[in-house]
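Asks: Sequence:
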Amino acid sequence: MEKEYVIQIAQTIQEQLIGLTPMPVLMSWGIAEFAATIFKDLPALRIKVNGLLHTGYVIIALNGSDYYEVYLLKGKDAECVNEEVCYNELGDVIDRAIECGTDKEEYEKIAISNSPNY
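First residue of the sequence shown? That's 1 in this note's numbering, and the numbers climb one at a time after it.
Just so you know, the hints here were simulated from the structure itself, not pulled from any lab data.
Where hints are given, some of them may not hold.
Below, in silico cross-link-like pairs of lysine-lysine (BS3-like), each with a Cα-Cα straight-line distance of 25 Å or less [what the hints assert, rightly or not]:
(1) K40 with K3
(2) K40 with K74
(3) K104 with K76
(4) K48 with K104
(5) K48 with K76
(6) K3 with K76
(7) K3 with K48
(8) K40 with K76
Treat the numbers as computed from the prediction; the structure is a model and nothing was measured.
Make a model of the complete structure from these sequences and hints.
Replies: And the structure:
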């Protein structure tokens, strides 16, 4: 796979994610870096995060069906969060996996208790 193609796909993923995800949500992930990569022979974007539910890397890979596959990496272990994600669902899928989970009330309790002003 050509390096330029991988970089182009990673840039597109990053632009879609930043453009369609509210800034407070992105900030809550504790993003430390974005990097173009190849994951499972697919062009991808790797994001280093420090979320409430996951600290490590998130991989967003473009598959052959023009959907994104989202993986959580911790060490050498990879967990597939979802393998058919549309570009406009990326922020929600990642946020549920690394930050807020599926129970908003429980998330708010945890987030408040972890707040420095609590």
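Asks: Evaluate each hint against the coordinates.
Replies: Against the structure, the hints come out as follows:
In summary, the hint linking K40 to K3 is supported, as the alpha carbons are separated by about 15 Å, within the 25 Å threshold. At roughly 16 Å between alpha-carbon atoms, K40 and K74 fall within 25 Å of each other, so this suggested pair holds. Taking the CA atoms of K104 and K76, the gap is about 30 Å. The hint is violated against a cut of 25 Å. For the suggested pair K48 and K104, the alpha carbons sit about 23 Å apart, so the restraint of at most 25 Å is met.
For the hint linking K48 to K76, the alpha-carbon distance of about 14 Å falls within 25 Å, and the restraint holds. At roughly 23 Å between alpha-carbon atoms, K3 and K76 fall within 25 Å of each other, so this suggested pair holds. Proximity of K3 to K48 is assessed by CA-CA distance (about 21 Å); at most 25 Å being required, the pair is judged to hold. For the proposed pair K40 and K76, the alpha carbon gap of about 13 Å is at most 25 Å, so the pair holds.
Violated hint: 3 only; the structure is consistent with all others.
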